Amino acid sequence: MPAIDTAKILILATDGYERSELRVPLEKLSTHGADVKIASPKSDPIKSWDKTDWGDTVDVDVEVKNVDINDYDALVLPGGQINPDTLRNDEASVSLVREFVASGKPVAAICHGPWLLVEAGALRDRHATSFPSIKTDLINAGAIWRDEQVVCEDGIITSRNPNDLDAFVAKIVEEVSEGKHHRRAA
76 MPAIDTAKIL ILATDGYERS ELRVPLEKLS THGADVKIAS PKSDPIKSWD
126 KTDWGDTVDV DVEVKNVDIN DYDALVLPGG QINPDTLRND EASVSLVREF
176 VASGKPVAAI CHGPWLLVEA GALRDRHATS FPSIKTDLIN AGAIWRDEQV
226 VCEDGIITSR NPNDLDAFVA KIVEEVSEGK HHRRAA
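In our numbering, the protein residues as written are 76 to 261.
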């Protein structure tokens, strides 16, 4: 079981990520001592969406096609409407999510981020939450949707929106410290 101060965590995102949903986990997990890297389908810096317009950018550390999941202890999927919708159409990104889910390592998705879990087939018969507007998408994918700050089942962590970020990050820290989870197949 890795301690959070020695953990390596990957955040998967692209243009249009919700600024706070990437920045807060990046900063808080780094403050806990984790080595946090950003993966994206492209190598150029990616732009955030901040409330009503484009925000700042963040550098990409590794392209999705070059990620080896053996190098990481957990995966974080920030939301925003644009980011996960774009990523769920990128087979390499969806494949990466599937690999993390299959590995038993913690996978955390917030807001619209669970769209990637839907695309990866990871939520059937599992408890999860999301931004309310995609509740039906999760239910149609077989999830048992709950309106709670954080829902975690077998190391798959989901949260609703930026107001839940403190609880979301705390659950990531807890699940990383627990290590791999033995999951039934999705």
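To be clear, the hints were calculated from the coordinates, so they are not data collected in a lab. Misleading hints may appear alongside valid ones.
[Unchecked claim] Think about it this way: if two alpha-carbon atoms lie no more than 30 Å apart in a straight line, the pair counts; the simulated DSS-like pairs of lysine-lysine are:
1) Lys112 / Lys140
2) Lys210 / Lys103
3) Lys117 / Lys103
4) Lys103 / Lys126
5) Lys83 / Lys112
6) Lys140 / Lys83
7) Lys255 / Lys103
8) Lys83 / Lys103
9) Lys255 / Lys126
10) Lys83 / Lys122
11) Lys117 / Lys140
12) Lys112 / Lys122
13) Lys117 / Lys255
14) Lys255 / Lys140
15) Lys122 / Lys210
16) Lys140 / Lys103
17) Lys210 / Lys126
[Unchecked claim] The following label-pair restraints were derived from C-beta to C-beta distances:
18) Asn238 / Asp128: 16 to 24 Å
19) Glu223 / Asp119: 15 to 23 Å
20) Asp222 / Asp136: 29 to 37 Å
21) Asp119 / Ser170: 31 to 39 Å
22) Thr127 / Ser170: 27 to 35 Å
23) Asn164 / Trp129: 19 to 27 Å
Source: prediction; values computed, not measured. Where is the CB? At the ideal position from N, CA and C, for every residue including glycine.
Hints and how they fare:
1. Of the supplied pair hints, the one linking Lys112 and Lys140 holds, its CA atoms being roughly 14 Å apart against a limit of 30 Å.
2. Taken as a hint, the Lys210 and Lys103 pair is honoured in the structure, with Cα atoms around 27 Å apart against an allowance of 30 Å.
3. Our distance criterion of 30 Å between C-alpha atoms is met by Lys117 and Lys103, whose separation comes to about 25 Å.
4. For the proposed pair Lys103 and Lys126, the alpha carbon gap of about 21 Å is at most 30 Å, so the pair holds.
5. In summary, the hint linking Lys83 to Lys112 is supported, as the alpha carbons are separated by about 8 Å, within the 30 Å threshold.
6. For the hint pairing Lys140 with Lys83, the CA-to-CA distance comes to about 18 Å; that is within 30 Å, so the pair holds.
7. Distance hint between Lys255 and Lys103 is fulfilled; the C-alpha atoms sit about 21 Å from each other, no more than 30 Å.
8. The suggested pairing of Lys83 with Lys103 holds, with an alpha-carbon distance near 13 Å, which does not exceed 30 Å.
9. Annotation: proposed proximity of Lys255 to Lys126 is violated, straight-line Cα distance about 35 Å (limit 30 Å).
10. As the CA atoms of Lys83 and Lys122 are separated by approximately 23 Å, the hinted pair is consistent with the 30 Å bound.
11. For the suggested pair Lys117 and Lys140, the alpha carbons sit about 9 Å apart, so the restraint of at most 30 Å is met.
12. Proximity of Lys112 to Lys122 is assessed by CA-CA distance (about 16 Å); at most 30 Å being required, the pair is judged to hold.
13. Between Lys117 and Lys255 the alpha-carbon distance is near 29 Å, which keeps this suggested pair within the 30 Å criterion.
14. Restraint check: the Cα-Cα separation between Lys255 and Lys140 comes to about 23 Å, which is no more than 30 Å; the hinted pair holds.
15. At most 30 Å may separate the alpha-carbon atoms for a hinted pair to count; Lys122 and Lys210 meet this at roughly 26 Å.
16. Pair hint Lys140 plus Lys103 holds up; C-alpha atoms about 26 Å apart against a cutoff of 30 Å.
17. The suggested pairing of Lys210 with Lys126 holds, with an alpha-carbon distance near 21 Å, which does not exceed 30 Å.
18. For Asn238 and Asp128, the Cβ-Cβ distance of about 20 Å falls inside the hinted range of 16 to 24 Å, so the restraint holds.
19. In this structure the hint that Glu223 and Asp119 lie 15 to 23 Å apart at CB is violated, the actual value being about 36 Å.
20. Distance hint check: the CB atoms of Asp222 and Asp136 are about 34 Å apart, consistent with the given range 29 to 37 Å.
21. Between Asp119 and Ser170 the beta carbons are some 21 Å apart, a value that contradicts the proposed interval 31 to 39 Å.
22. One distance hint, 27 to 35 Å for the beta-carbon pair Thr127 and Ser170, holds here, with the actual separation near 33 Å.
23. The hinted range of 19 to 27 Å is satisfied by Asn164 and Trp129, whose Cβ atoms lie roughly 20 Å apart.
Checked against the numbered hints given earlier, the structure breaks hints 9, 19, 21 and satisfies all the rest.
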